[in-house]
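If you read the protein sequences in the order shown, they are chains A and B.
Counting in my numbering, the first sequence runs from 153 upward without gaps.
Counting in my numbering, the second sequence runs from 5 upward without gaps.
Bear in mind the hints are in silico, worked out from the structure with no lab data behind them.
Bear in mind the structure is a predicted one, so any value in this text is a computation, not a measurement.
No false leads were mixed into what you were given.
Cβ-Cβ distance ranges computed for the label pairs, FRET-style:
no., chain 1, residue 1, chain 2, residue 2, range
1, B, G313, A, D159, 54 to 60 Å
2, B, G144, A, E208, 32 to 38 Å
3, B, R316, A, E176, 53 to 59 Å
4, B, E168, A, K161, 42 to 48 Å
5, A, K232, B, Q169, 21 to 27 Å
6, B, R428, A, Q224, 23 to 29 Å
7, B, G229, A, P229, 26 to 32 Å
8, A, E176, B, G444, 52 to 58 Å
9, A, D159, B, S95, 50 to 56 Å
10, B, K424, A, K232, 24 to 30 Å
11, A, K161, B, A35, 55 to 61 Å
The C-beta atom is built at its ideal place from N, Cα and C for all residues, glycine as well.
Listed below are the residues making up each chain.
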Amino acid sequence: MPHIEVDGKRIEVNEEGFLAHPEEWNEETARLLAKAEEGLEALTAEHWAVVRFIREYYMEKNLAPMVRKMCQATGFPLMKIYDLFPSGPAKGACKVAGLPKPDGCV
Amino acid sequence: MKEGRLRTYEPGDNVQRFLDLLGRRITRSLAVSMTACVHCGLCAESCHYFLARPDDPTMAPVWKADQIRKIFKKYIDWTGRVAPWWVKAGSLRDDEDLNRLKNIVFGSCSACRRCTYNCPMGVDTGLLVRFTRGLLTELGIVPEGVFNVSRDQWETGNQMAVTEQDYLETLEWMRDEVRTELGTASVDIPVDKPDCEVLYTINPREIKFDPRSIAHAAKVFHAAGESWTLPKWGWDQTNFGLFSGDDKLGAYVARNVYEAAERLRAKRIVISECGHGYRSTRWEGYNWADYDQKLPTESVVVTLKRYLGEGRIAVDPSRNPDAVTFHDSCNIARSGDLVEEPRWVLRRVCTDFREMFPNRRENFCCTGGGGLLSMAEYRPLRLEVAKIKAEQLRATGAKLVCTMCHNCVDGLNDVIKHYKLPMRVVQVLELVSNALVVPGRNETKKTAR
Chain A
153 MPHIEVDGKR IEVNEEGFLA HPEEWNEETA RLLAKAEEGL EALTAEHWAV VRFIREYYME
213 KNLAPMVRKM CQATGFPLMK IYDLFPSGPA KGACKVAGLP KPDGCV
Chain B
5 MKEGRLRTYE PGDNVQRFLD LLGRRITRSL AVSMTACVHC GLCAESCHYF LARPDDPTMA
65 PVWKADQIRK IFKKYIDWTG RVAPWWVKAG SLRDDEDLNR LKNIVFGSCS ACRRCTYNCP
125 MGVDTGLLVR FTRGLLTELG IVPEGVFNVS RDQWETGNQM AVTEQDYLET LEWMRDEVRT
185 ELGTASVDIP VDKPDCEVLY TINPREIKFD PRSIAHAAKV FHAAGESWTL PKWGWDQTNF
245 GLFSGDDKLG AYVARNVYEA AERLRAKRIV ISECGHGYRS TRWEGYNWAD YDQKLPTESV
305 VVTLKRYLGE GRIAVDPSRN PDAVTFHDSC NIARSGDLVE EPRWVLRRVC TDFREMFPNR
365 RENFCCTGGG GLLSMAEYRP LRLEVAKIKA EQLRATGAKL VCTMCHNCVD GLNDVIKHYK
425 LPMRVVQVLE LVSNALVVPG RNETKKTAR
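Take these sequences, add in the hints, and give me the full structure.
What follows is the structure, given as structure tokens:
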């Protein structure tokens, strides 16, 4: 199983760098994924607002939310999401929130 | 097997089902590709898999194609019955063999057709690969990612299972964003409006994860005074039938688009920047769907070129001062014959456009083509052989790499991240939208990227 090592900790991920066991996600994992995969040294309150929403949405519907829903829930304009997560909503924000890779051309 | 008689199989007899399908589906052009290869090796030199792993013969297109050819020779072609050792006929024994075949045709080929383009005998290895994928897909021997997306396209009419409500809401949202940006309520993103000049069809990722491109399109259509609409159904121009080799799925998805245009009496179909969607909707879909399509179908880049050529939109290239290089999508340049149009547009909207080498129909794949982006299991090999693409990108010295394919956007982003290149991926619409001069608008305002 591929894995990433960050701050001396080891996280199992799939080939795309998404969490191998999405159910094992916690805030520590989010911080480590953000650092290793998105180059974010620290997660701000704004990052957390997006990540928590995605996580709750996923736990409820077993589905990645559309970027429209992320913006509605957090009140952020669209561009803010790309500013916060350099790889964008799918490969950035959803990854930090511990979701599996969304299906399709992403 | 006689016509009209139902053949039954023992459960799990995948080999026999595969061989029967192979015999039934073989066409003249496939038979040529099955028999014309002289093993000259030119295809190897054109394949980024082989160039990145020159000591591994299994990376050569000829070897990959031989794995289906030897089955054809053994069971279908008469030469295999007369001289099997001479034509290298080979058995297909069990599920293990089928699985190995799956890993070859899905996992070690992005179906970019660069080898096809360079074959002196006219062997279409890309066609062989897609054909073999189609046989395996029929048996359910298919990577999970391709399966999931195909299921979503069958069930919901779009590859990301976007609901109609979500689709409409996102379009309204983007309409409001463009209204705010341009400071006018006259901007619209119409849905299901009849008798328009343009029926605009998109990639579901634009709705689900990146609607900026819809805003760019709306802005340009507004500036050009275009009469345009998106359809409420039949808006997904992408087509996983191309990747899975399933012509039935290909027909269903393409027909949705053609019928939307007919229903709304649109004058032409315009396809947003998507490589495989362009090839599927513009070229392959008519045959899959057996559809007598009379409307012109074009890429939005062709539309942009027309607007610029006719003076319907004005641009200021100084707003795109960074060095831009262009990445030809395989499905657009090699398989779609759309090569000079994007360059014509880029030279007018950027100040520093530079080619990468090789380019045009000889360009290397982004490495994510043929549906590989949705097959996580093959990613390590994909990124390893991407070193060819990375070197090609790095040599341009450009800050931006522009492509007219969403799949290439993600494929190139993966290469850039993995090989730590100082580049960003953009699309043609984004650069045109950036450079667009809209009359009466406060031009000091920073344009949205």
